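Engineer: Could you put together the complete structure from these sequences and hints?
Here the protein sequences come in this chain order: A and B. In this text, residue positions in the first sequence follow the numbering used here: the first is 1, and each later residue adds one. In this text, residue positions in the second sequence follow the numbering used here: the first is 262, and each later residue adds one.
Treat the hints loosely; a few may be bogus.
With a straight-line cut-off of 27 angstroms between C-alpha atoms, the simulated DSS-like cross-links for lysine-lysine are [said to hold, decoys possible]:
| hint | chain 1 | residue 1 | chain 2 | residue 2 |
| --- | --- | --- | --- | --- |
| 1 | A | K49 | B | K308 |
| 2 | A | K49 | B | K377 |
| 3 | B | K268 | A | K197 |
Here are some of the chain A residues that sit facing chain B, going by a computed Cβ distance under 10 angstroms [as the list claims (entries may be wrong)]:
| hint | residue |
| --- | --- |
| 4 | R71 |
| 5 | M186 |
| 6 | P188 |
| 7 | A194 |
In silico negatives: residues of chain A with every beta carbon more than 10 angstroms from chain B [claimed, not checked]:
| hint | residue |
| --- | --- |
| 8 | M1 |
| 9 | N2 |
| 10 | F19 |
| 11 | R162 |
| 12 | R184 |
| 13 | G190 |
| 14 | G203 |
| 15 | S213 |
| 16 | P221 |
| 17 | D235 |
| 18 | A247 |
| 19 | N258 |
| 20 | N259 |
Since the hints were derived computationally from the structure, they do not count as laboratory data. Since the model is a prediction, treat every value here as computed from it, not as a measurement. Beta carbons are placed, not taken as given, at the ideal position from N, Cα and C, and that holds for glycine.
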Amino acid sequence: MNIVVCIKQVPDTKGGVVFNPDGTLNRAAMLAIMNPDDKAGLEAALRLKDEYGAHVTVLTMGLPKAEEVLREAMAMGADEGILVTDRVLGGADTWATSTTIAGAIRNLDYDLIITGRQAIDGDTAQVGPQIAEHLGLPVLSYTQNIKIEGESVIVERQFDDRYHVLKAQMPCLLTALSELNEPRYMTPGGIFDALDKEITVWGRDNLKDVDDSDLGLKGSPTKIARASDKVRKSDGELKADLGADEAVSYIVEKLTENNII
Amino acid sequence: MDFTLDKKHEMAQNLFRDFAVNEARPLAQETDETEVFPRATVEKMQKYGFMGINIPKEYGGQGCDPLTYVMCVEELSKECGTTGVIVSAHSSLCCDPILTYGTEEQKQKYLVPLAKGEKLGAFALTEPGAGTDAQGAQTKAVLDGDEYVLNGSKCFITNGKEADVYIVIAVTEIQTDARGRKKKRFSAFIVEKGTPGFSFGTKEKKMGIRGSSTYELIFEDCRIPKENLLGAPGKGFGIAMHTLDGGRIGIAAQALGIAEGALQRAIDFTKERKQFGRSISAFQNTQFQLANMATKVEAAKLLVYKAAEAKRTQKSYSVEAAMAKLCAAEVAMEVTTKAVQLHGGYGYTREYDVERMMRDAKITEIYEGTSEVQRMVISANILN
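Structural biologist: Structural data, given as structure tokens:
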């Protein structure tokens, strides 16, 4: 079984956020980590590898420095890493990103593609399902407890306070959540091996069946009007000394005062 | 000369740091209070290969170098000195001598499961009457047919009772020289827990590293197969001394980690703690104390890393190991004591990690060769 896991290097939320003049993130200037949902997706793939045997390829699109997350994934147990990097791919929104990644995946043999639900920098949750759409694959989102049965995959899809058990024919695409999968640590030997291995680097020319007009900042329908740091909200008002009836009256009064009701 | 870590060691350091913070830190206080061996943490370390870091892959290890191993013990010890010494005693004192002196059969039978962490290792040299004077050991092994018969006792054995495999040093011959003076010849043995005649005595109640299991070992007509002799007969003392050279680097790393952990806690505390209307880190006394502590920790770190590199590149590294252990242990004791002082009354309570760290630090000046022994090793070398 061949599994492709799409991962993204994202700014570490513990560090500061730096913007480019055009409103996009200045990724080179920020501390970076593997996106937590993607790490959960990688963990899901590695568990399938442990249980059924699989070749796990990790793929990322980003700056050359994004190689770091590929090395980390390989130190956790992924077999191979592919970095898609090219100046013409910079500034991509979810459409241009999913087009690029689908173009890279078309070069690979795969039974399963796993992505994180969403990245902590953009929070769109669009790229995974869009890749499936580009490749004409079924998509199962928010998955956990993935099992393989013949040519099919069976998953539990998280749904509010319950989950749905879904079965899909492979090849298909799954999205994973960090809440559902505790990722493993790297191993020391895995780190040494990962840094000795070659990483495959692809540029625009390696993308299959994609149009230049769908790539990079130019191919991105999303235009960022303005970007800013979060505005700090006030601490609010605490009224702990009111009885239930008084509290209701107080809330209604405040909502009315602010033209909410 | 380049003092920056390469990418491999930087990633390994991050791994050990994450593991120590997530897995060892939450249990450190409880482990100290209850004196219970942290078995669950050891099982996790087994899963991630921490029990065989610098053992070659063909023997079940991770195939990394001594520096990687040192960084593992260091990072673990920043959070929990007990966890650090469990790895150090297992790796340096049990895996290492089997790797260096074992036959291929011994490596396959003992080193592979040890390096994979499926079995835990220990080393037994010290006896009630033989500490620094290791030559005073009395435990005897007499060859009887295809077996050695072991009699005697060992004390202060780290990982005692918890370990499955023990390297035991025993007298196998007493020679008389031309002047009629008697000289003991020692041999090293691999002894499995559960061997008839091998039992455990008292568990030590210690000042620090209280979760580490420290036991007396008792051998009463304990029969060991001849093939469990480690190295050549009569060469056990040299094996023990060489093993301790490596062990000292592990303990130096433990001491370094404890010192770094205490320094960081002192920095955090003094920035938070307010007296006379400002953080105590704003007072020059605090600043100078922290500056001294940080400088000594950095000096210790360079010696410890240098000793690890010497183990990788040199046949003999006794002096490097002795200097690293001497310096790191004394820095650990000084820095933890000062960290307690900077915490004031809070530092004297068990609510704060520095209290435990000060107690943990003390043993690093004592075991695997006291600071006085390290000075003997170093001075013998420079005066020679």
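Engineer: Among the hints numbered above, which are violated by the structure, and what are their numbers in rising order?
Structural biologist: Numbers 12, 13, in rising order.
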